[in-house]
Amino acid sequence: MMELLYGLITGVLFGFFLQKGHVLRYDKQIGALRLKDMTIMKFMLSHIAVAMVGVYFLYDLGLVKLALKPTILGGVVIGALLFGLGWGLLGYCPGTSLGAVGEGRLDALWGILGMLVGAGIYAEAFPYLKTTVLTWGDYGKITVPQILGVNHWFIIIPFILCVFFFFRWLEKKGL
Amino acid sequence: MKDKSAWNPYLAGALSGVVSIGSIYFVGKYLGASTTFVRTTGMLEQIFSPERVAKMPYFMKEMPVIDWQWMFVIGIAVGAFIAAMGSGDFRMQLFPDMWKSRFGDGIKQRAIVAFIGGIIAMFGARLADGCPSGHGLSGSLQLSVSGYIALICFFIGGLISANWLYKGGK
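Quick note, the sequences are listed as chains U and C, same order. Sequential numbering from 1 applies to the first sequence in the numbering used here. Sequential numbering from 1001 applies to the second sequence in the numbering used here.
For the record, the hints were derived by calculation from the structure and aren't laboratory data. Hints are not guaranteed to be accurate.
As the list claims (entries may be wrong) - Taking lysine-lysine and the DSSO-like style, the derived pairs with C-alpha atoms no more than 27 Å apart in a straight line are:
#: 1; chain 1: C; residue 1: K1167; chain 2: C; residue 2: K1108
#: 2; chain 1: C; residue 1: K1004; chain 2: U; residue 2: K36
#: 3; chain 1: U; residue 1: K130; chain 2: C; residue 2: K1055
#: 4; chain 1: U; residue 1: K36; chain 2: U; residue 2: K173
#: 5; chain 1: U; residue 1: K172; chain 2: C; residue 2: K1004
#: 6; chain 1: U; residue 1: K141; chain 2: U; residue 2: K130
#: 7; chain 1: U; residue 1: K173; chain 2: C; residue 2: K1167
#: 8; chain 1: U; residue 1: K65; chain 2: C; residue 2: K1055
#: 9; chain 1: C; residue 1: K1167; chain 2: C; residue 2: K1100
#: 10; chain 1: C; residue 1: K1100; chain 2: C; residue 2: K1004
#: 11; chain 1: C; residue 1: K1061; chain 2: U; residue 2: K141
#: 12; chain 1: U; residue 1: K36; chain 2: C; residue 2: K1167
#: 13; chain 1: C; residue 1: K1061; chain 2: U; residue 2: K130
#: 14; chain 1: C; residue 1: K1061; chain 2: U; residue 2: K173
#: 15; chain 1: C; residue 1: K1100; chain 2: U; residue 2: K36
#: 16; chain 1: U; residue 1: K172; chain 2: U; residue 2: K36
#: 17; chain 1: U; residue 1: K141; chain 2: U; residue 2: K65
Unchecked claim - If you only want the chain U side, here are some residues facing chain C, beta carbon under 10 Å, derived:
#: 18; residue: L4
#: 19; residue: R34
#: 20; residue: K65
#: 21; residue: L82
What the hints assert, rightly or not - What the simulated footprint calls covered on chain C by chain U, stretch by stretch (three residues with Cβ under 8 Å from a Cβ of chain U suffice, anywhere in the stretch; the number is not a length):
#: 22; stretch: 1009 to 1020
#: 23; stretch: 1117 to 1128
#: 24; stretch: 1139 to 1148
#: 25; stretch: 1160 to 1169
On a predicted model such as this, the values are computed, not experimentally measured, just so you know. For every residue, glycine included, the Cβ atom is placed at its ideal position computed from N, Cα and C.
Isolated chain U (complex conformation) (with noise of 0.2 Å):
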């Protein structure tokens, strides 16, 4: 009961924070796809860095464990290509459609009912796809400092630094 009310606080403050941001919107989804406006490129990347150094030193004192996908390139790629070109006629993510609909953009609505259509869909097809494409290159959970054979922070260090260059060029554009 208690993990449920988790859930909805820290929905609550993430949805807050992407209105705010302004990243629910289909004018910015599409925008970035356009390559016109980058504003969730800066959310998502500013997340990832900030929570990437907090996980990351919490997790060298013990105090949290990591939650990997498994790296199954068949359903990674492919999955996450076919995810895109859904993403990009309607644009909002899963996530965002709801945020969406709180802020008033009721055509996320239409896109929800998609959704979940495409969720029942999927569980017809489970039992074949796990047979074949979700047995297609499956490297397992793997990280990149683990692959590479280095220490996270050889990667989390040479990371921030590059989105911070990135955010520097992307302001200097005025993207």
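Based on the hints, put chain C in the right spot on chain U.
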């Protein structure tokens, strides 16, 4: 587009990252959203054919129940509503501005494109085992290889379809 009510996206993104850290530290939960659609569909299908749903492998894997993530996704709508009301941003809208200026205001067209987009997006997200939250944010912040591959492929797919849809338009 006037963006007066917007916070700096770097700041809003960074603060949302702190929310992520808090959730992982206090509850051990990484943010994600797309599994919730599976559970909801399972719950809806259960109304009509509970025996069938009980036997389907995917619904056995992702049980049709209300869990942490389900509440998280509902919370996003609530949080967005509170934030939008707070800054006078709440606006009932049937078409996004960009859509309207390109395709006009036929309800049917927007509904069909959004609905089909939703079907494809969710099928893909489940095949990839995550969406921009689960893979894009939570996977990338953990330096997971799957997170970066997914994030890049999300954008490639999106670049293709969004630019195809708006081909030649402003």
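Hints and how they fare:
1. Between the alpha carbons of K1167(C) and K1108(C) the distance comes to roughly 20 Å, so the proposed pair stays at or under 27 Å and holds.
2. For the hint pairing K1004(C) with K36(U), the CA-to-CA distance comes to about 18 Å; that is within 27 Å, so the pair holds.
3. At roughly 16 Å between alpha-carbon atoms, K130(U) and K1055(C) fall within 27 Å of each other, so this suggested pair holds.
4. For the hint pairing K36(U) with K173(U), the CA-to-CA distance comes to about 11 Å; that is within 27 Å, so the pair holds.
5. Restraint check for K172(U) and K1004(C): the C-alpha separation of about 20 Å stays at or below 27 Å, so the hint holds.
6. In summary, the hint linking K141(U) to K130(U) is supported, as the alpha carbons are separated by about 17 Å, within the 27 Å threshold.
7. Taking the CA atoms of K173(U) and K1167(C), the gap is near 23 Å; set against the 27 Å cutoff, the hint holds.
8. Pair hint K65(U) plus K1055(C) does not hold up; C-alpha atoms about 32 Å apart against a cutoff of 27 Å.
9. For the hint linking K1167(C) to K1100(C), the alpha-carbon distance of about 15 Å falls within 27 Å, and the restraint holds.
10. Of the pairs offered as hints, the one joining K1100(C) and K1004(C) holds, with about 21 Å between alpha carbons and a cut-off of 27 Å not exceeded.
11. At roughly 18 Å between alpha-carbon atoms, K1061(C) and K141(U) fall within 27 Å of each other, so this suggested pair holds.
12. Between the alpha carbons of K36(U) and K1167(C) the distance comes to roughly 14 Å, so the proposed pair stays at or under 27 Å and holds.
13. A hinted pair counts as satisfied when its Cα atoms are at most 27 Å apart, and K1061(C) with K130(U) qualifies at roughly 12 Å.
14. A hinted pair counts as satisfied when its Cα atoms are at most 27 Å apart, and K1061(C) with K173(U) does not qualify at roughly 46 Å.
15. The suggested pairing of K1100(C) with K36(U) holds, with an alpha-carbon distance near 17 Å, which does not exceed 27 Å.
16. A C-alpha spacing of about 14 Å is found between K172(U) and K36(U), which places the hinted pair at or below 27 Å, so the restraint holds.
17. A threshold of 27 Å between alpha carbons decides the hint, and for K141(U) with K65(U) the separation of about 13 Å falls inside it, so the pair holds.
18. With a least beta-carbon distance of about 5 Å to chain C, the hint placing L4(U) at the interface is held under the 10 Å criterion.
19. The interface hint given for R34(U) holds, since its Cβ lies 6 Å from the closest Cβ of chain C, which is under the 10 Å cut-off.
20. With its C-beta approaching chain C no nearer than about 7 Å, K65(U) sits inside the 10 Å limit, and its interface hint holds.
21. Because the smallest distance between the Cβ of L82(U) and any Cβ of chain C comes to about 3 Å, under 10 Å, the interface hint for this residue holds.
22. For the stretch 1009 to 1020 of chain C, the stated coverage by chain U holds: 12 residues have a C-beta nearer than 8 Å to a C-beta of that chain, and at least 3 were required.
23. As drawn, the stretch 1117 to 1128 of chain C meets chain U at 12 residues by the rule of a beta-carbon pair under 8 Å; at three or more, the given contact holds.
24. Counting residues of the stretch 1139 to 1148 of chain C whose CB lies closer than 8 Å to any CB of chain U gives 10, so the stated coverage by that chain holds, three being the minimum.
25. Counting residues of the stretch 1160 to 1169 of chain C whose CB falls under 8 Å from any CB of chain U gives 7; the rule of at least 3 is met.
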